[in-house]
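Asker: Using the sequences and the hints given, assemble the complete structure.
Number of protein chains: 2
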Amino acid sequence: MVSASVKDVAALAGVSVGTVSNVLNRPQKVSAEVTLRVQSAIDKLGFVRNDAARQLRAGMSHSIGLVVLDAANPFFSDLARGAEDRAAAENFTVLVGNSNEDEGRESAYLDLFEQQRVRGVLLSPVGNVIPRLEQLRRRGIPTVLVDRQTENKSFSSVAVDDLAGGEMAAAHLLSLGRRRIAFVGGPASIRQVADRLAGARKAIDAVAGATLEVIATESLTVLSGRAAGESIRSRPEAERPDAIFAANDLLAVGALQGLMLMGGVKVPQEIALIGYDDIEFAAAAVVPLSSIRQPSALIGSTALELLLREAESEDGFAPSQVVFPPELIVRASTQG
Amino acid sequence: MVSASVKDVAALAGVSVGTVSNVLNRPQKVSAEVTLRVQSAIDKLGFVRNDAARQLRAGMSHSIGLVVLDAANPFFSDLARGAEDRAAAENFTVLVGNSNEDEGRESAYLDLFEQQRVRGVLLSPVGNVIPRLEQLRRRGIPTVLVDRQTENKSFSSVAVDDLAGGEMAAAHLLSLGRRRIAFVGGPASIRQVADRLAGARKAIDAVAGATLEVIATESLTVLSGRAAGESIRSRPEAERPDAIFAANDLLAVGALQGLMLMGGVKVPQEIALIGYDDIEFAAAAVVPLSSIRQPSALIGSTALELLLREAESEDGFAPSQVVFPPELIVRASTQG
DNA sequence: AACACGCAATGAATCGTTTCATAACGAGTT
DNA sequence: AACTCGTTATGAAACGATTCATTGCGTGTT
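Just so you know, the sequences run in chain order X and L.
Position 55 of the first sequence, counted from 1, bears residue number 55 in our numbering, the numbering being contiguous throughout.
Count along the second sequence from 1, add 1000, and you get the number used in our numbering.
Treat the hints with care, as some may be off.
List time: in silico EDC-like cross-link candidates among lysine to aspartate or glutamate, alpha-carbon distance up to 20 Å [what the hints assert, rightly or not]: (1) Lys1044/L - Asp111/X; (2) Lys44/X - Glu1134/L; (3) Lys1202/L - Glu1213/L; (4) Lys44/X - Asp1111/L; (5) Lys1044/L - Glu327/X.
Which stretches of chain X does chain L cover? Using the computed rule of at least three CB atoms under 8 Å from a CB of chain L, they are [claimed, not checked]: (6) 61 to 74; (7) 167 to 177; (8) 281 to 295.
Reference listing, derived: stretches of chain L covered by chain X, where coverage requires no fewer than 3 residues with Cβ under 8 Å from a Cβ of chain X [to be verified]: (9) 1039 to 1049; (10) 1069 to 1079; (11) 1219 to 1233; (12) 1278 to 1288.
Just so you know, these hints were derived from the structure itself, not from any lab.
We treat Cβ as the ideally placed atom computed from N, Cα and C, and that holds for glycine.
Answerer: Written out as structure tokens, the structure is:
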């Protein structure tokens, strides 16, 4: 006997299977004496409910699926934590899949979630997923997009206004009197990067005499940032920017190192530096980093909330697009 | 109609449900003509297998559960990736739970995994879980411990020899001629911390005139390390150690910052510094960090392999304890 | 004494897939 | 023509929990 079933419990307790189920799910409907007998039978047999059977009968699971672009990115792990905590409060479980920015893996996870009959899906999409989402919706699985605003207003989404964030970062640098601003980031195909750059451009265009230089990187990593920083440091002093806006904090940390190597450029005196995301490490960097904070956990919990509401409602649910404002965090890298 | 079932597919294709199942699971047993008809019915109806029903019938799921101490720690996310990749190759899915070093959450995840009838569990344990694991085993769910050697040889485990790692780190510092060595780490209740310290002590005791000072920290974080570094910097020069071994890289990074603040102590000239884990950031720190590398992904994949082998075997499986050797990675923080 | 009512407990039906013993059929053999 | 294979296809049974219409029983009412 691999494991006991309700039938075994019922037999041992001398009751029907229906009663065992009632003890488990509607204890108030069962007399105290019988409850006790059933409980002790459960203990004696080490009975554990079979989730697959429950789910089959229920028709839907108590899980929701989450597909993130990069599980190693602190932004997404915070987002996931936010979603998980909110889900736990409603007795739901979150299954996390890591697409690694690969459309194939994204699709595989969506397939898996469909087979599991998850209650809904949170998705930070790689490519154009709208057709796939419409298919999911037709099959009764609602989706909420995270960290991405959609043109398509028929889906709910929760995101941060990256355009405003970029504008905010650039405006801050401009307010320090800096005028030769460099944007470090890439690849440009990543929506968030493009939006942050567009926001920065907007702020810079509004100030006479301010210029924007774009330094493209291959990825959003510390090493890419370091390369960018070193290339700036190696320029003649007159050709260096006086401020850098990095598309995320990993790049900013790398840039900082590239600049400071061998007693090079002083941050913030010679070049002010600001990042994006406000990851935990930003505050602890050698020169604590200014950054644009995103409420990552809040994005996760809000998206989950929206999703559950949509899942519970009958069709005809009105999708909503939630956009959180980013927040400027000023630290040493843009002070002095 | 929420979603189509095999029955619907069978009806549309004009065959029996058994045949549909055969098309799905043993295509070679079905004639080409029928296969085609069934496939097109599947496509037309948008049929998606119900995993709960499959699993109920099969008696066991195609998932394995993994409980980690801290999902945000790069060491564990690498370990998880290793396990996931290996699992995917065998058509298994890994469900990741984060215990956050909390016994209650650990237990909740184990309950959940039991209800899901997972094929096995990988566990980086918080407290004394042996009784719980014996219970799981009785119910047919094998367990492999990760990142923890057990006294109890009846369970398989995959770990790195932290004692050897600690010894290796200290021996490296001693080989540089350093004699006043400080160990930065804590809380001591964490097994890994205690083992690394014990290893260091062993190496230091073997060298005449070498001393070991233990600087306890509250946690294994950058901020704790920074505090430790600052307190060392504020000492009179004669009372400072000439080398620091930090219990993990986050502490080492923090210590580095604490030491270097305000043009303080030079690393490695005045104080050599080595960390543990070799997280990605170590190589990219302002002074690239020497560290003790653990094969995190390999630990994950090996543990998964052991687990599957144990799950497939009938009872009478001989548990094995795999211990990987740590590896010394020398970078600038201990050179010069 | 007859009746109605409410509370407990019952157990058959159900969810969707897989499996397996059986049937149907055609081709080859004697 | 009777037979044995071999190949396909069939459909009922099984997995385990839940649900719900039904039964049984004790209490209170008239």
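Asker: Flag every earlier hint the structure violates by its number, smallest first.
Answerer: The structure conflicts with hints 5 and 7, although it agrees with all the remaining ones.
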